[in-house]
Amino acid sequence: MTVETYLIYVVMPIISLSLILIFIRFLKGPAVVDRVVAIDLLITVGVGFIGLFSLITNNPIFLDVAVIMALIAFLSTVAFSFYLDKRERDD
Amino acid sequence: MTDILIMILSTLGAIFILIASIGIFRMPDFYTRLSITIKAATLGIGCILGAAAIHFSEFSITTKVFAIVFFLFITSPVAAFLIARTAYMTGIKLWNKSVIDELKDRYGFDESCEEEDKTTCTHTNTNKNEEEKD
Numbered sequence: 001m002t003v004e005t006y007l008i009y010v011v012m013p014i015i016s017l018s019l020i021l022i023f024i025r026f027l028k029g030p031a032v033v034d035r036v037v038a039i040d041l042l043i044t045v046g047v048g049f050i051g052l053f054s055l056i057t058n059n060p061i062f063l064d065v066a067v068i069m070a071l072i073a074f075l076s077t078v079a080f081s082f083y084l085d086k087r088e089r090d091d
Numbered sequence: 001m002t003d004i005l006i007m008i009l010s011t012l013g014a015i016f017i018l019i020a021s022i023g024i025f026r027m028p029d030f031y032t033r034l035s036i037t038i039k040a041a042t043l044g045i046g047c048i049l050g051a052a053a054i055h056f057s058e059f060s061i062t063t064k065v066f067a068i069v070f071f072l073f074i075t076s077p078v079a080a081f082l083i084a085r086t087a088y089m090t091g092i093k094l095w096n097k098s099v100i101d102e103l104k105d106r107y108g109f110d111e112s113c114e115e116e117d118k119t120t121c122t123h124t125n126t127n128k129n130e131e132e133k134d
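These protein sequence lines map, in sequence, to chains A and B. Under our numbering, the first residue of the first sequence is numbered 1, with each subsequent residue one higher. Under our numbering, the first residue of the second sequence is numbered 1, with each subsequent residue one higher.
The hints are simulated quantities; they were obtained by calculation from the structure and are not laboratory data. Just to be clear, a hint being listed does not mean it is correct.
To be verified - Chain A side only, calculated, beta carbon under 10 angstroms to chain B, not exhaustive:
{"no.": "1", "residue": "ASP40"}
{"no.": "2", "residue": "VAL45"}
{"no.": "3", "residue": "ALA73"}
As the list claims (entries may be wrong) - Per label pair, the in silico range of CB-to-CB distance:
{"no.": "4", "chain 1": "A", "residue 1": "PHE23", "chain 2": "B", "residue 2": "THR2", "range": "28 to 36 angstroms"}
{"no.": "5", "chain 1": "B", "residue 1": "ILE8", "chain 2": "A", "residue 2": "LYS86", "range": "41 to 49 angstroms"}
{"no.": "6", "chain 1": "B", "residue 1": "ASN96", "chain 2": "A", "residue 2": "SER16", "range": "19 to 27 angstroms"}
{"no.": "7", "chain 1": "A", "residue 1": "THR2", "chain 2": "B", "residue 2": "LYS104", "range": "51 to 59 angstroms"}
As the list claims (entries may be wrong) - Computed list of lysine-lysine pairs in DSS-like fashion (alpha-carbon distance at most 27 angstroms, straight line):
{"no.": "8", "chain 1": "B", "residue 1": "LYS39", "chain 2": "A", "residue 2": "LYS28"}
{"no.": "9", "chain 1": "B", "residue 1": "LYS64", "chain 2": "A", "residue 2": "LYS28"}
{"no.": "10", "chain 1": "B", "residue 1": "LYS64", "chain 2": "A", "residue 2": "LYS86"}
{"no.": "11", "chain 1": "A", "residue 1": "LYS86", "chain 2": "A", "residue 2": "LYS28"}
{"no.": "12", "chain 1": "A", "residue 1": "LYS86", "chain 2": "B", "residue 2": "LYS93"}
{"no.": "13", "chain 1": "B", "residue 1": "LYS104", "chain 2": "A", "residue 2": "LYS86"}
{"no.": "14", "chain 1": "B", "residue 1": "LYS39", "chain 2": "B", "residue 2": "LYS93"}
Positions of the beta carbon are idealized from the N, C-alpha and C atoms, including for glycine.
Just chain B, same shape as in the assembly (with noise of 0.2 angstroms):
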């Protein structure tokens, strides 16, 4: 019986792990890819440890794994965040057939830029000329 369980819940987390890899591979975009890779491993790597908390049955490895699962499931979402914020501030373009960007207009694109400091100002204007050339 436990047998089969394992077996279900590490083919189950190979297979998450197999579509974030073709994802990250197969994408068009830098966030596509970013949004695919965070929810597919975590679920993934979710799997293959219970499978291992549950062939091993044991208290101290069960809390191990509860450990390592709980540290990524709270973790990865907050780099994620942190990393789109990055590729955005740094001018990483959209997709050209993305849907909607809300962030357009919120990064001192415009009259209120003047008051803020010159260096984040130039740039942003830098990329605003960028946007317009295209």
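The shape of chain A in the complex, shown without the other chains (with noise of 0.2 angstroms):
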């Protein structure tokens, strides 16, 4: 068994499952902090799916993406907490 079809059988269903799980989070979240750390946590886990995927094809372009996708959930959930708190206290 080579490397690839481990990855491909083993660890890639288990990548996927754990998106599904988080994305019903996202979806039946009870406030809007739920599904802030719900995408935070998606995107997360979106740039190991990268990580992974980028292996299984050899092919190491694909880490520049995974870079992007680190700044952009640590922006977006800076930006989400600094509006959210902001409409608190204007309210």
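Mind docking these for me? Both chains are given alone in their own frames, and the hints should help you get the complex.
Structure representation (structure tokens):
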């Protein structure tokens, strides 16, 4: 069994299952902050997914996408928390 | 040898990510969900990207992987702190079996509120009334 088949048939289904679970929480989260945390974790797991995909296809150019996605996750969380706080102050 | 190392690291990372997702799906409270999210996800991403670095074993790829992991380890606690503070200020309730709430008297629920401006004051007072109704 090579590494690629192991990654495709064992590791990728685990990551996909966890993505589905996080997306269920993203759909039904009771407050806005739950959805913000869920989408932060969704993008972070997406970084790991891209790392695995670049490992399977043996093509390291996809890791550039992972850098940008890690940056966007942090920026989106900070912006959401800033504006939620500001909206609460203004009401 | 490197194949076995890649398999072990990627499986470990996948299991960490699965634990984080089960935690965010099953935990009863916003704050417990947040705590399990940040710890497990950073470890899982570190393991998987470490497997990628071992597989390529090239200087530029290893530098890129270290940049991603370092950035995640620096920024995810900051983001967790900011979103938890926002959640506490907007009045997300704790789980009813939580043992301690150390910030309960810190955010202007007492007389010192009257010297501050009126907007935050009325907001905190309404929060206090809501808590007393429960």
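If any of the earlier hints don't hold here, list their numbers in rising order.
The structure conflicts with hints 6, 9, 10, although it agrees with all the remaining ones.
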